[in-house]
Every structure is written in C-alpha cells, then in structure tokens.
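Chemist: Just need the whole structure built from these sequences, with the hints factored in.
FYI, in the working numbering the residues of the sequence shown are 140 to 245.
All the given hints hold, so there is nothing to weed out.
If you anchor each label on the Cβ, the simulated ranges turn out as follows:
hint, residue 1, residue 2, range
1, Y141, K202, 51 to 59 Å
2, A213, Q164, 43 to 51 Å
3, K146, I205, 45 to 53 Å
If you are wondering where the hints come from, they were derived from the structure by calculation, not from laboratory data.
Glycine included, every Cβ here is placed at the ideal spot set by N, Cα and C.
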Amino acid sequence: MYYRFDKEKASRRPGITPLKEAIDQMLDRYKLRSRFDQSYVVAHWDKIMGSAIATRTQKVYIKDNILFLQIESAPLRNELFRAKGKIIELINREMGSSLVQDVIFV
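Modeler: Here it is, written out as structure tokens:
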C-alpha cells in the first residue's frame, strides 16, 4: 500500500493559525520584535558579514539601534569603518527593517 497525497485533506482548517504566524503575532503583541531581531543579527553575524570578518570579530551587540563591533584587526577595523553604510544596508536588508542606524567600533 502506497501513500497518496490528497490536496483536499492537506489544506488547513479555518481558524487554525500556522506556527510562524502565531510566533510573529506574539512578538508583535509583547513588543519583543526588535529584541528578537537584535539577537538574530548577533547569532547570524557570520552569515551576514562572511566568515573572514566574523572570525576577527570579538564582540557584536546592538543597543538603541546602534551596532557595536569589537574587531581585533586594526586594518580590518579601518576598512569596515569606511564601509559603515554598506554594513548598515546589509543588516537592514537581511532583517527587512531599519534595525541598525549607526555602527560604532569599540
């Protein structure tokens, strides 16, 4: 006996909210969206900026829409300082909102 996919039986019943939408509603209702987005950026720093920059980054955190970075390499810090606008654009495009407005190198 083989399993056959039945599209009519697989459709969602009315009144049932998918898990993704329920989590999004919860984040919006309890005003946790910005904090969740901030932790996402920190957790996925290597994916957003690439492994070469991520391995030389010691600390990454966001406070009051400002991204704070501690870079161990002075030449890389100087290069990233010149590319502040691109870093802000990359993060905001990844998040789909204006999460970061400035970058400060510690």
